[in-house]
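Modelling step: build the complete structure from the supplied sequences, incorporating the hints.
Numbering (our numbering), first residue to last: 1 to 95.
In case anyone wonders, no lab produced these hints; they're calculated from the structure. For every residue, glycine included, the Cβ atom is placed at its ideal position computed from N, Cα and C. Hints are supplied without guarantee of correctness; some may be wrong.
Between beta-carbon pairs, the in silico distance windows are [said to hold, decoys possible]: (1) R67 with R35: 19 to 29 Å; (2) G84 with R18: 45 to 55 Å; (3) V70 with K26: 20 to 30 Å.
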Amino acid sequence: MNAHDERGTTMTGVDPGRLDDQQLMKELETIHRTRHDTLLYGSNDALRAHNERMAQLEGEYLRRNPRRPVAPGRTREGARERTGSDSATPTAPGT
Numbered sequence: 001m002n003a004h005d006e007r008g009t010t011m012t013g014v015d016p017g018r019l020d021d022q023q024l025m026k027e028l029e030t031i032h033r034t035r036h037d038t039l040l041y042g043s044n045d046a047l048r049a050h051n052e053r054m055a056q057l058e059g060e061y062l063r064r065n066p067r068r069p070v071a072p073g074r075t076r077e078g079a080r081e082r083t084g085s086d087s088a089t090p091t092a093p094g095t
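Printed below as a string of structure tokens:
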């Protein structure tokens, strides 16, 4: 049995839990860079494998970094402030 085979499912790449932080970030950067082309031009099997690998890598990153910094503009509240579309706080006419 291949070292990457797990009971009928083939895992692409090294188990994310075995990567050091630098290797994990490199894998994440690579998979995010190739995402668009895989979505547009990859076979269904390639897209499925890409989805599985991305979920594994992102899950490992989140497990290691539960308190990662979150940019205010990447939250719903931050997006509302950026676009001025917060319906909970209407602005007065002329302001």
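Results for each hint:
| no. | hint | in the structure |
| --- | --- | --- |
| 1 | R67 with R35: 19 to 29 Å | 26 Å, holds |
| 2 | G84 with R18: 45 to 55 Å | 47 Å, holds |
| 3 | V70 with K26: 20 to 30 Å | 23 Å, holds |
Of the hints listed earlier, there is not a single one the structure fails to meet.
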